[in-house]
Amino acid sequence: MTDSDLYDLEFLSLVVAKITQEINNYTRLNDKTLAEFVISLDDQSKTFAEFKGKLQKVSANFREFFIENVDRLISTLHRKHKKKPAGKVNAVTDGPILDEADKKKRLFPGLALQDQEWESGASHENPEAFRSKGRSQSRTGGRIKAENEGKTGTGCA
Numbered sequence: 001m002t003d004s005d006l007y008d009l010e011f012l013s014l015v016v017a018k019i020t021q022e023i024n025n026y027t028r029l030n031d032k033t034l035a036e037f038v039i040s041l042d043d044q045s046k047t048f049a050e051f052k053g054k055l056q057k058v059s060a061n062f063r064e065f066f067i068e069n070v071d072r073l074i075s076t077l078h079r080k081h082k083k084k085p086a087g088k089v090n091a092v093t094d095g096p097i098l099d100e101a102d103k104k105k106r107l108f109p110g111l112a113l114q115d116q117e118w119e120s121g122a123s124h125e126n127p128e129a130f131r132s133k134g135r136s137q138s139r140t141g142g143r144i145k146a147e148n149e150g151k152t153g154t155g156c157a
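full-length UniProt numbering puts the sequence shown at residues 1 to 157.
Source of the hints: derived by calculation from the structure; they are not laboratory data.
Treat the hints with care, since some could be wrong.
[Claimed, not checked] In the DSS-like style, the derived pairs of lysine-lysine whose C-alpha atoms are separated by at most 27 Å in a straight line are: (1) Lys104 x Lys54; (2) Lys18 x Lys104; (3) Lys52 x Lys105.
[Stated by the list, open to error] Pairwise CB distance ranges (calculated): (4) Asp99 x Ala17: 26 to 34 Å; (5) Gly53 x Ser120: 25 to 33 Å; (6) Asp43 x Pro109: 14 to 22 Å; (7) Asp5 x Arg28: 30 to 38 Å; (8) Asp8 x Asp99: 19 to 27 Å; (9) Gln44 x Leu111: 40 to 48 Å; (10) Phe65 x Ala17: 16 to 24 Å; (11) Thr33 x Asn69: 16 to 24 Å; (12) Ser4 x Ser120: 57 to 65 Å; (13) Gln116 x Leu29: 21 to 29 Å; (14) Leu111 x Glu10: 28 to 36 Å; (15) Asn61 x Glu119: 34 to 42 Å; (16) Ser59 x Leu9: 29 to 37 Å.
Just so it is clear, the structure is predicted and the values come from calculations on it, not from any experiment.
Cβ atoms here follow ideal geometry from the backbone N, Cα and C, with glycine treated the same way.
Let the sequences and hints guide you as you build the complete structure.
Dropping the structure here:
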């Protein structure tokens, strides 16, 4: 066994141990084989939706937040998902290498949503109505102002 093979084995062991720990925390099953199976399903998947579908196909009833967490951990820790250095000739190329955009989409799915145009909630056609609405809802509340409006000569504005 060469040094690189030993390094690969140690590295894979670290990834499997972390995923085993996550599965144990979520399901109370401390099963290394299950973690290896989940990692292999993730390796076969190019997208999160595909990974989730494969888990559902094998009747793994995990909640979506757990699947996202496991996918994020595998994407972060696993060597296949790491960016390949330009000068590295002996890099691992057993599966599909994710480009930087796909990796970011998998790591940060909420940030991968398309931008939407901003829409104003208030109408600025009548600025006077907009200002008076803002004054009636002061820090002390509109109730106190409404009570004071009915009184005259109290010195309250």
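Results of checking the hints against the structure:
1. Lys104 x Lys54: Given that 27 Å is the threshold and the Cα spacing comes to 21 Å, the pair holds.
2. Lys18 x Lys104: Roughly 21 Å separates the two Cα atoms, so the pair holds.
3. Lys52 x Lys105: Distance ~15 Å between Lys52 and Lys105 Cα, so the pair holds.
4. Asp99 x Ala17: 26 to 34 Å: holds (28 Å)
5. Gly53 x Ser120: 25 to 33 Å: 40 Å Cβ-Cβ, so the 25 to 33 Å window is violated.
6. Asp43 x Pro109: 14 to 22 Å: Check passed, 19 Å falls within 14 to 22 Å.
7. Asp5 x Arg28: 30 to 38 Å: Check passed, 34 Å falls within 30 to 38 Å.
8. Asp8 x Asp99: 19 to 27 Å: Because 23 Å falls inside the window, the suggested range holds.
9. Gln44 x Leu111: 40 to 48 Å: Given range 40 to 48 Å: violated, Cβ gap about 25 Å.
10. Phe65 x Ala17: 16 to 24 Å: With Cβ atoms ~21 Å apart, the hint holds.
11. Thr33 x Asn69: 16 to 24 Å: holds (20 Å)
12. Ser4 x Ser120: 57 to 65 Å: holds (59 Å)
13. Gln116 x Leu29: 21 to 29 Å: Since the Cβ atoms of Gln116 and Leu29 sit about 41 Å apart, the hinted range of 21 to 29 Å is violated.
14. Leu111 x Glu10: 28 to 36 Å: At 32 Å between Cβs, range holds.
15. Asn61 x Glu119: 34 to 42 Å: holds (39 Å)
16. Ser59 x Leu9: 29 to 37 Å: holds (30 Å)
In this structure, the hints that do not hold are numbers 5, 9 and 13, in rising order.
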